[in-house]
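Residue numbers (the working numbering), protein chains in the order written: chain U, 1 to 315; chain X, 1 to 315; chain V, 1 to 315; chain D, 1 to 315.
Think of the hints as simulated: they come from the structure by calculation, not from any bench. One should not assume that every hint holds.
[Stated by the list, open to error] Computed Cβ-Cβ distance ranges for the label pairs, DEER-style:
| # | chain 1 | residue 1 | chain 2 | residue 2 | range |
| --- | --- | --- | --- | --- | --- |
| 1 | U | Lys103 | X | Asp269 | 40 to 46 Å |
| 2 | U | Arg240 | D | Ala307 | 52 to 58 Å |
| 3 | D | Pro165 | V | Pro86 | 29 to 35 Å |
| 4 | X | Lys103 | V | Gln304 | 21 to 27 Å |
| 5 | V | Glu303 | U | Asp75 | 20 to 26 Å |
The beta-carbon is built from N, C-alpha and C at its ideal position, and this holds for glycine as well.
Number of protein chains: 4
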Amino acid sequence: MPTRYAYLGPEGTFTEAALRTLKPDAAESAFVPCSGVDAVFAAVRRGDVDGGVVPLENSVEGGVTATIAELINGDPLLIAAEVTVPVQFTLFAREGVALTDIKRVATHAHALAQCRSWLARYLPDAETHTVSSTAAAAQAVAEPGAPYDAAISARIAGERYGLRPLFDGIGDRSDAATRFIHLVRPGSLPSPTGTDRTSLVAFLTDDHPGALVELLNQFAVRGVNLTRLESRPTGDGLGRYCFCLDADGHVADAGVGEALMGLRRVCKDVRFLGSYPRTGDATELTPFMPTRGTTNADFQEAEQWLARIRAGQSG
Amino acid sequence: MPTRYAYLGPEGTFTEAALRTLKPDAAESAFVPCSGVDAVFAAVRRGDVDGGVVPLENSVEGGVTATIAELINGDPLLIAAEVTVPVQFTLFAREGVALTDIKRVATHAHALAQCRSWLARYLPDAETHTVSSTAAAAQAVAEPGAPYDAAISARIAGERYGLRPLFDGIGDRSDAATRFIHLVRPGSLPSPTGTDRTSLVAFLTDDHPGALVELLNQFAVRGVNLTRLESRPTGDGLGRYCFCLDADGHVADAGVGEALMGLRRVCKDVRFLGSYPRTGDATELTPFMPTRGTTNADFQEAEQWLARIRAGQSG
Amino acid sequence: MPTRYAYLGPEGTFTEAALRTLKPDAAESAFVPCSGVDAVFAAVRRGDVDGGVVPLENSVEGGVTATIAELINGDPLLIAAEVTVPVQFTLFAREGVALTDIKRVATHAHALAQCRSWLARYLPDAETHTVSSTAAAAQAVAEPGAPYDAAISARIAGERYGLRPLFDGIGDRSDAATRFIHLVRPGSLPSPTGTDRTSLVAFLTDDHPGALVELLNQFAVRGVNLTRLESRPTGDGLGRYCFCLDADGHVADAGVGEALMGLRRVCKDVRFLGSYPRTGDATELTPFMPTRGTTNADFQEAEQWLARIRAGQSG
Amino acid sequence: MPTRYAYLGPEGTFTEAALRTLKPDAAESAFVPCSGVDAVFAAVRRGDVDGGVVPLENSVEGGVTATIAELINGDPLLIAAEVTVPVQFTLFAREGVALTDIKRVATHAHALAQCRSWLARYLPDAETHTVSSTAAAAQAVAEPGAPYDAAISARIAGERYGLRPLFDGIGDRSDAATRFIHLVRPGSLPSPTGTDRTSLVAFLTDDHPGALVELLNQFAVRGVNLTRLESRPTGDGLGRYCFCLDADGHVADAGVGEALMGLRRVCKDVRFLGSYPRTGDATELTPFMPTRGTTNADFQEAEQWLARIRAGQSG
């Protein structure tokens with residue numbers, strides 16, 4: 001039986017494009033489109049599929065609320081891989097339809113927001129309609145007797161539904177991108193590669209100010225760089241937050257491991273979300289990082305020194 | 001001419017309930033429902049209305065992306081007031097419809113997510129349909145020949161459209177709440193009341209790690225407590241964030257004023273979003289706060305001391 | 001052969017009093033007075049004695065420069081115990097000498113500084129002479145034909161040399177105290193008692209600002225409280241310092257051990273000076289200490305959790 | 001009447017050399033040698049002299065305890081200038097005395113400690129005697145029938161007493177230096193020069209941990225670099241410290257002024273010791289310094305921005 005992957009569907013979404021990048025050799029028949037982020041998580045949790053792909057954050061919209069909520073709550077899943085996909089929009093129409101014929105354009109609300117400038121310039125008189133996804137827009141346009149003349153979607157969606165591309169790259173920001181994650185059930189971790197990322201959720205204790213800086217320091221003193229810090233409500237009332245974090249490094253690394261033990265000690269709760277190969281760069285958020293002493297070898301040497309002084313030697 | 005207020009419509013939304021709480025004496029005819037958060041901002045910016053009310057954050061879903069995006073970008077508006085409204089859902093139906101008659105329920109996607117447990121127990125066989133707002137669901141159910149038998153909405157919406165409440169408080173979390181803000185054009189600030197809140201957006205410089213802790217310290221050394229810290233993408237690529245902050249106190253207070261000057265100096269950009277009377281409590285996020293020396297009188301005394309030592313006196 | 005202890009002599013010093021407190025059962029003949037702090041260190045290093053006692057810090061004068069210099073440089077010794085001795089001065093004279101007979105008083109310069117008020121009031125016309133120690137003053141007064149009429153010294157010194165106490169507690173500060181340490185050659189450490197202290201010297205790297213706060217944070221994130229922080233010149237030019245630290249806890253404790261490994265990684269050099277039972281209280285200097293997660297059991301639980309998540313389990 | 005300066009005597013001390021560097025044009029008759037650091041402070045406080053020069057810290061021995069005690073206690077004086085003098089030792093003898101004739105060498109204890117290696121190599125069989133200062137050693141050797149054959153002292157001392165230099169630079173550390181300060185009564189401050197230093201003493205509150213990091217942060221958030229941090233006992237018992245600080249900049253600078261106001265607010269007490277032209281370099285001790293926004297112009301711009309937003313403008 002082939003390995004099966006769930007993804008946020010329908011066919012032709014940017015999520016499918018992300019899945020194809022992650023699993024270029026997987027048979028297509030093993031890709032299972034789901035109607036929502038929660039459905040992807042549920043399929044992985046039940047074991048209906050071996051893994052699932054969902055969007056985590058977008059460079060324009062920010063964190064994907066549904067994904068983050070599922071990562072925080074419910075049975076834990078692990079992130080086994082990540083991939084960043086450029087979000088480039090294409091205007092598609094049925095064969096034989098020219099730009100001047102277009103009166104009604106369908107797309108997803110986010111895509112519409114990101115293509116306003118282009119539409120204002122080239123299709124100022126067209127009506128716009130929002131549907132559940134950009135892939136659904138392409139699918140709708142492809143049907144005979146469709147109520148729309150054109151769709152704005154990912155390249156993959158227009159091609160999937162047999163449409164003709166009229167214009168590529170019509171988004172206002174040519175550098176927009178979405179980061180997708182590959183989810184699996186717990187059981188094992190990818191091996192360290194030397195350029196890894198570790199994700200987790202930290203729930204601060206309610207009762208003392210400074211808990212956020214304390215959390216940042218747990219990483220800083222081990223020389224572990226943070227690349228994402230996003231607050232999310234815990235659901236227990238306004239003003240109560242947990243923090244979703246990405247850190248450079250693998251939990252098998254000495255520094256990351258010690259930092260996570262530190263969080264485990266001082267936080268109300270910590271949910272480990274996985275260590276996996278890192279793609280792309282990111283801003284450094286961590287304070288006053290040590291400029292030395294942060295390699296695995298440095299940690300090992302320090303451990304040997306500690307053993308010596310604990311034995312009463314002079315170090 | 002009466003003072004006019006825009007709000008996120010249609011009639012019957014939780015936002016309208018928030019507006020009524022903020023302006024209990026305003027004539028109803030002066031309330032202008034808008035079809036989106038962006039439309040409310042646009043109406044205030046153009047001067048079509050004197051103020052506008054939109055949701056800022058929800059205790060379950062987190063920050064409202066559209067509101068935050070408008071606060072960060074476009075012509076600056078100021079927050080003149082805030083109000084927190086409990087999010088309590090009611091099941092409404094037309095007169096004469098009993099629970100056992102209900103086959104199809106309409107509501108907004110977020111409301112559906114928050115009422116799943118109740119629906120699974122009491123209406124396990126009913127179809128659910130999502131529409132653009134809970135108020136729109138109530139409106140749709142009220143129409144003759146409606147395709148839905150019941151709506152889940154705010155109390156205000158069901159009453160507005162003449163529906164009959166069947167069950168109150170059907171949300172999974174009885175303590176869910178949404179915080180709404182009242183937006184105005186720049187021009188003047190509410191006077192300090194002693195229990196105020198100040199909101200702003202800070203854009204960190206890209207080029208040095210530790211910028212986030214530096215930002216937190218600007219507040220900490222002046223004894224100013226932070227109550228909200230939310231990262232948002234700047235739109236300039238993954239891994240680039242700005243931070244939306246709420247702090248205790250009024251910009252007219254010495255400590256808050258000095259902290260804001262500190263941000264102005266060290267951040268790439270700071271957008272001030274207003275100082276206004278605070279409602280409700282919140283977690284303290286700021287590190288190791290001074291336990292003394294943080295009142296306006298303390299700042300004034302220190303200023304007089306500095307003048308003396310700058311004049312060569314012994315202090 | 002009896003265990004032998006060197007101490008800062010001559011007989012009758014406060015250091016001898018400290019040694020008697022530390023070793024109440026040791027035969028007197030095994031106490032070896034030395035003529036300077038460096039001589040005590042040398043005797044211990046050479047193995048002429050089994051241990052040595054020297055003053056480390058005084059509540060009025062601060063750190064004892066000679067002791068700190070020897071701890072920092074030369075072959076490493078370990079602190080095996082500490083004791084704090086109240087510094088109370090007594091005016092002694094030979095038998096038959098009354099207060100009104102006293103024309104010339106001998107003592108050590110520090111003692112003179114601390115008894116000025118009493119002398120100004122009760123012996124305003126007496127000459128004062130400073131000698132090498134308060135014990136030497138007592139010894140000199142006891143000799144036939146002594147050039148001095150009275151000595152200011154510790155109780156132990158006057159009694160040793162057969163003098164008669166005239167006035168007790170003549171120091172300006174009744175709460176003055178000196179902390180003494182018991183030095184031994186490396187080899188083994190005292191067992192943890194639950195209330196221990198750990199001493200060390202940290203040499204910061206020259207090349208990055210913030211190294212001091214980084215050092216403080218290494219203790220803070222493990223919940224280890226600092227009780228002394230004293231800068232000393234490294235000898236490599238003005239503006240180059242190392243820091244002598246005391247921390248609560250024993251190096252065998254998980255938190256202290258991990259903090260010391262952190263210093264070892266990020267500092268240019270660390271010299272461990274011992275873990276030993278703590279006496280007395282002290283100010284807390286460490287920032288924003290965690291309020292939870294700092295016991296040995298907490299560290300152990302966190303280690304087990306890390307092992308689970310490293311194995312791919314959900315935590 | 002000429003301006004008069006007290007200094008730590010006798011004639012020929014390194015302190016006199018420092019005074020000559022600071023006041024090259026002052027008539028010699030206006031220089032008043034005093035027999036101790038406390039005598040210099042007393043002379044300035046009483047108005048017997050216009051200023052006084054004392055050593056503050058030595059690159060090998062550390063802070064000069066007597067000077068620091070006088071700066072902390074008693075009537076406040078201000079530091080009006082500093083100068084760093086290389087500590088270079090010269091072996092002096094009377095005319096006609098050769099190296100091989102030398103049996104007894106006199107010097108101060110500190111100088112002896114710093115010349116041990118040279119003596120061990122070139123005068124291994126000579127007796128050494130310590131006297132109250134290196135200048136006193138030179139004076140003693142110069143007297144007819146002196147009990148010593150040679151003196152180790154500053155160049156200035158040997159020349160003053162008509163001795164002949166045999167060897168220059170005999171100290172173990174060729175880069176040893178002492179920093180001297182020029183004390184005046186309060187009344188006015190030197191004008192800012194652009195490269196100034198500010199000195200002060202901060203007394204922390206007893207009651208909360210983290211006070212030291214809080215203090216460091218008061219400087220850090222204004223971009224003010226610390227160059228010296230030395231703990232001293234307050235005299236109120238072991239474990240109670242105050243901190244002597246040097247910071248880059250002049251109290252008339254915006255950042256330094258604001259930082260001092262911050263200390264004034266959060267510390268139990270602050271004693272300002274003066275702002276004066278800086279000589280020499282020093283290590284940076286302050287954490288994670290801002291990389292922007294720290295000039296006087298930056299502070300002024302931020303103040304104007306604050307005035308705008310306080311007036312309800314958009315910034």
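A quick look at each hint next to the structure:
{"no.": "1", "hint": "Lys103/U <-> Asp269/X: 40 to 46 Å", "in the structure": "holds (41 Å)"}
{"no.": "2", "hint": "Arg240/U <-> Ala307/D: 52 to 58 Å", "in the structure": "violated (36 Å)"}
{"no.": "3", "hint": "Pro165/D <-> Pro86/V: 29 to 35 Å", "in the structure": "violated (49 Å)"}
{"no.": "4", "hint": "Lys103/X <-> Gln304/V: 21 to 27 Å", "in the structure": "violated (52 Å)"}
{"no.": "5", "hint": "Glu303/V <-> Asp75/U: 20 to 26 Å", "in the structure": "holds (25 Å)"}
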